[in-house]
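Asker: One point on numbering: in numbering that gives the first Met the number 0, the residue at position 435 of the first sequence is 434, and numbering is uninterrupted.
The hints are simulated quantities; they were obtained by calculation from the structure and are not laboratory data.
All C-beta atoms, glycine included, are put in the ideal place defined by N, C-alpha and C.
Hints are not guaranteed to be accurate.
[Stated by the list, open to error] DSSO-like, lysine-lysine: derived pairs with alpha carbons at most 27 Å apart:
1) Lys297 x Lys284
2) Lys222 x Lys297
3) Lys284 x Lys295
4) Lys357 x Lys292
5) Lys416 x Lys357
6) Lys416 x Lys387
7) Lys416 x Lys497
8) Lys284 x Lys222
9) Lys357 x Lys284
10) Lys497 x Lys414
11) Lys222 x Lys133
[To be verified] Now the in silico label distances, taken between C-beta atoms and shown as ranges:
12) Lys416 x Gly270: 57 to 65 Å
13) Asp376 x Ala349: 37 to 45 Å
14) Ala349 x Asp494: 49 to 57 Å
15) Ala18 x Ala118: 15 to 23 Å
16) Ala98 x Arg223: 33 to 41 Å
17) Asp7 x Gly270: 15 to 23 Å
18) His19 x Pro141: 29 to 37 Å
19) Pro471 x Lys416: 23 to 31 Å
20) Lys387 x Ala211: 20 to 28 Å
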Amino acid sequence: MLSVELIDSLFPADLPSPAHWESWYPARTLPGGAEVTRFAPSPTGWLHIGGIFTAGVNQDIARHSGGRYVLRVEDTDRERFEEGALAQFEAGFEYFGIAADESDAAGGGYGPYTQSQRAAIYETYARELMRQGKAYPCFETPAQAEARVARQKAAGALPGYYGEWAIWRDAPEDQVRARLEAGDPYVVRFRSPGVGGARVSYTDLIRGEISADDNRNDVVLLKRSDSESRLPVYHFAHPVDDHLMGVTLVIRAEEWISSVPLHHQLFDALGFPRIPYAHVAPLMKQDGGSRRKLSKRKDPEASVGYYIEQGFPAEAVVYYLRGLANGRLAELPLPQALAEPLRLREFGVAGPLLDMVKLDDISADYVATLPGAEILDRVLTWAQVYDKDLASVVSAERELALRALAVEREGAENKRKDLRKWADFRPVYGFFFPEIFELVTDPSDARFGGLAPDLVRAMAAGFAAGYVEPGPDVEWFEQIRSLAGSLGFALRQKDYKKDPDAYPGSIADAAAVIRVLITGSRQSPGFTEVAAALGRAEVLRRVRALS
RNA sequence: GGCCCCGUCGUCUAGAGGCCUAGGACGCCGCCCUCUCAAGGCGGUAACGCCGGUUCGAAUCCGGUCGGGGCUACCA
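Generate coordinates for the entire structure from the input sequences, incorporating the hints supplied.
Answerer: Right under this line is the structure:
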């Protein structure tokens with residue numbers, strides 16, 4: 000065992016003691032049953048959508064138990080740190096309505112909530128562990144570590160720093176001193192009490208009893224001594240922070256399950272009471288024949304930014320995610336499902352596939368419940384950031400936009416479900432706005448479905464010549480019908496199907512000509528209402544655009 | 001390689017030994033409505049990975065096997 004004098008020389012002389020931090024962060028006084036949870040993302044770019052999922056779960060459990068939800072930033076990896084990530088986190092949490100009760104931004108008595116600002120705390124506990132002989136300095140270089148792992152693999156041994164491979168674990172003091180005097184950098188490693196062959200088990204709040212080999216790896220606690228500030232690795236920061244912050248329940252992703260034996264050893268060595276765990280399944284992605292973890296690198300829909308940029312309503316996304324967590328909630332109507340508490344016991348244990356088609360469906364249903372004015376407001380809010388042209392056109396013609404959105408929506412028994420996300424507005428309703436509508440001028444345009452150009456011209460000309468505006472006593476579509484009839488189109492689909500050669504097309508084809516001219520597409524909301532919303536002049540301008 | 005987790009329709013799931021001829025939702029297919037699309041109505045397609053055991057009886061319990069995922073970093 001290293002002398003206290005040597006150990007202390009490794010740390011600042013004024014480093015506080017554990018007792019200092021314990022009293023600095025007093026025990027919480029919360030009602031019985033209240034859970035303190037936390038979400039601890041790493042600032043490496045946009046949050047993974049799974050992060051919104053996990054954060055939402057943590058917040059929900061805290062809120063419904065009368066506890067606190069803490070947001071902690073785990074920025075101990077300088078290499079992967081991305082400037083701007085924090086702002087993106089904030090944007091993501093705000094968009095999805097997941098506000099932390101405690102964080103650097105929200106305040107709270109257990110901060111700072113950013114790990115890089117807690118370096119002294121980790122050092123205190125690292126020194127304490129060393130003083131007790133539960134941790135030690137290790138001078139193995141990265142290159143040596145690599146070589147060690149290669150030798151272990153060749154020898155058929157488990158990779159890791161343990162047993163005979165842990166050469167600094169019991170190194171004599173003068174050897175350590177010599178390296179220190181030479182100025183060699185070192186890491187602080189945990190002296191794991193695990194022995195080969197030992198088994199441990201614990202109860203996961205979602206999965207129940209889980210057993211595994213005990214940890215016997217002397218993991219790194221504090222990274223290289225020659226980095227700017229000596230920061231901890233996750234495994235060490237986790238027990239220290241969660242203990243000091245008074246966290247009572249750790250809900251995190253499944254990939255941490257195999258680290259639980261290590262984490263328990265650390266809690267024990269530190270003298271902290273263990274904290275219960277709940278490990279949630281990761282979101283998956285279908286990839287060819289198999290499935291894999293949804294990856295931010297490969298899958299655009301893995302990034303929270305995607306949902307924001309596309310303008311998926313947060314309510315729909317959250318509802319979908321909650322349904323994935325608790326199947327029970329997926330069967331409930333949205334407002335109810337959002338209000339119901341999540342129950343850990345009901346969580347699925349298998350990683351669900353993210354189904355964007357299902358999300359589309361949920362989202363379309365949700366948007367259909369919104370009044371036109373609200374849809375417009377939200378489209379505008381979105382467009383001001385992601386489609387500025389649309390934003391200026393639409394806000395200049397607010398009344399028209401409202402009329403457009405009212406079609407088959409206001410007072411309709413079955414409301415249109417053609418908007419899944421705000422980015423859909425332009426392709427679906429853009430034609431209502433003259434400024435961004437592109438006139439159709441070519442009679443042989445593919446959108447006319449291969450109809451003879453002469454017929455297309457005749458339809459357009461006839462329609463324009465006798466145009467009657469929609470009104471209370473007007474059977475508006477009748478003018479298309481009679482025009483189509485006089486040009487020889489089959490007036491009933493059935494007739495046309497029976498004998499396609501006898502007609503140039505059916506009434507549907509004839510109507511399509513007018514539809515394409517007016518809306519630029521073969522598909523659109525109700526014809527009559529569209530014409531009414533556009534007004535006589537604009538309808539005629541578009542129909543007459545044909546050269 | 002070692003250890004861990006998981007395995008019901010294409011997808012999300014209900015199912016905790018007889019209520020299962022396996023239910024619902026999304027998708028898909030068909031029909032109806034119809035000037036197109038969306039919506040809506042009606043109907044249909046489709047699953048307990050496999051093999052053994054326990055039991056009068058198994059999707060449900062046990063074992064094995066196969067498949068998928070995770071961990072095995074001075075990343076989290």
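Asker: Against which earlier hints does the structure fall short, listed by number upward?
Answerer: 2, 7, 8, 10, 20
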